[in-house]
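Q: If you read the protein sequences in the order shown, they are chains A and B. The first sequence begins at 1 in our numbering and counts up by one. The second sequence begins at 1 in our numbering and counts up by one.
Among the hints, a few may not be true.
Interface residues of chain B toward chain A, partial, derived using beta-carbon atoms under 7 Å [stated by the list, open to error]:
{"#": "1", "residue": "V92"}
{"#": "2", "residue": "E155"}
{"#": "3", "residue": "T156"}
{"#": "4", "residue": "Y169"}
{"#": "5", "residue": "P172"}
{"#": "6", "residue": "H173"}
{"#": "7", "residue": "A251"}
Hints listed in this document are in silico derivations from the structure and should not be mistaken for laboratory results. For every residue, glycine included, the Cβ atom is placed at its ideal position computed from N, Cα and C.
Protein chains: 2
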Amino acid sequence: MNYIIGIDLGGTYIKAGAVSKEGELLYEASSIPSMSDVNPNAVVGQIEKAVNEVKSKYKGDNLLGVGIGSPGLVDLDGGTVKYPPNFANWTVFRLGEETAKKIGGRVEVENDANAAAVGEFRFGAGKGLKNFIMITLGTGVGGGFIIDGQVFRGETGGAGELGHISINYDGPHCKCGNRGCVEAYVGQKYLSHRVFEQLKTHPDSLINKLIDGDESKLEPKVISQAADKGDKFALQVWKETGMYIGVAVAAAFNLFDTANLVVGGGVSKAGRALFDSIEETIRERVLPPLRPRIRVAPAKLENSAGIIGAAALIAE
Amino acid sequence: MNYIIGIDLGGTYIKAGAVSKEGELLYEASSIPSMSDVNPNAVVGQIEKAVNEVKSKYKGDNLLGVGIGSPGLVDLDGGTVKYPPNFANWTVFRLGEETAKKIGGRVEVENDANAAAVGEFRFGAGKGLKNFIMITLGTGVGGGFIIDGQVFRGETGGAGELGHISINYDGPHCKCGNRGCVEAYVGQKYLSHRVFEQLKTHPDSLINKLIDGDESKLEPKVISQAADKGDKFALQVWKETGMYIGVAVAAAFNLFDTANLVVGGGVSKAGRALFDSIEETIRERVLPPLRPRIRVAPAKLENSAGIIGAAALIAE
């Protein structure tokens, strides 16, 4: 049997799994620390461990290659990863080449947001679409652009930074240095903090009971719990969040002349209230010729998106 | 001698000229009405007239082809122009094909903003750059994106609508239906109106004297006249205008991973005060990896940009 190993390289953990050529997750290894606090070689050592664990389960089978989704800017030449945030002693490192030296065979590296988009393109909500934009709503707001059937990478592989479209030039400060970035409105911590502040003027909201005054408990799923029970304030939060996202996406649609959106990441689990607001906002704000083409779909690969997206780099 | 005819098709006039393969304007015909109030065939008739006027000056010479820069969405297949604003009885029309039937030879059609970008790419401020964004500051705010040495057209040829990036989700209404579009801040009429309103609280500004209470006299060149004489309010207007532009451009830079900007159009003649503010804003707001690569340059083809840009479609 042919299989691919997908590696989801995170700042804290490495997730690894075996994936079929058709994008099914066959096996998921236990997460191991990425050792991002040491240096790039330590990280390669951990990737090797993860690969070996998966390989040990597929001894008689044919490994087609290893795909790695990595934070940071990725240059396809040598699978070079530049300045991954939260990785110590790592400026510019040929991660693909160095990993291939250890484990042999084909190794492909891509930025994690781009890999997620490739996963959806090959196996998920973007299947059959030549052009779409994937937005990932988590701690940050990531973007991966598939244009004409390929990742749109830009000059250095850094394209698609949807989270840093400013939707308000005078808005809240974003850690990137800009103001009013959509990430500074809907990135998970920003979102939780804003909602926590707004709760003061919404004492009747169910969210108050669910978090009992503790901001750290104010996760998106708590807002969704309240919204599912019809809590007006919680529904309003998702409506507002969808509006912020829709404004940024409409700008990207106008620039790229595409109208397909795939929404992934934890916050995207908020459900209908959020999705309806995103779609409605785009419809109101995008240029008229694009309106009939608007499609907003939830990502399909959700829990294993990192592993399957990385594996999709090899399936190409 | 080889030459190209460039046609700048406007809603009111057609401008036409002979251009060398090196992008020099050899001869400019007198403007003739575009007859956009009649129908597409009338427009083709006018284009034919303009072409014949130019041809009559170059009887012994070799016409390489005719390039047309047109408003509206352009599909390269048949040089099809869709829904050009302010053209009557024109939905979808194969302008290139129909023009070629009348005049013979090679005819290429491209959207006017894209043609301007191609002109700068071949012969102007974008020469030698593989990637740049051209912004055109006039009545509207247009965009043309050169990515990897080619016009970035998107799914239907409508890509690059830089003017309709919302820089404030709660901002002024734009005629496109969105709110806070950069065009709704810096498009010429919006700009003039905003400045006229602000003059009420700036009675000392020289602009008051120059327009004598008449809003229709408040053109960008008047603001520049005042700014050139050190008028603080006028300088502040350009600083603010540059900030609005810079916010939108920074978003586009983050999405496309390029950091080259070419600025054309009437408003761009405002000079240093405007350019400095655009560049400073981009520098403050774009993602850190892009900052060292920022280049902001004025367009070079200015007055004949429409004709030379159209001719550049043939020079390619």
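Q: For every hint, state whether the structure bears it out.
A: Hint-by-hint comparison with the structure:
1. V92: With a closest approach of 12 Å, the B:V92 hint is violated.
2. E155: With Cβ-Cβ at 5 Å, under 7 Å, it holds.
3. T156: Because about 6 Å separates B:T156 from the closest Cβ in chain A, which is inside the 7 Å limit, the hint holds.
4. Y169: holds, 4 Å
5. P172: Interface hint status for B:P172: violated (13 Å vs cutoff 7 Å).
6. H173: violated, 11 Å
7. A251: holds, 4 Å
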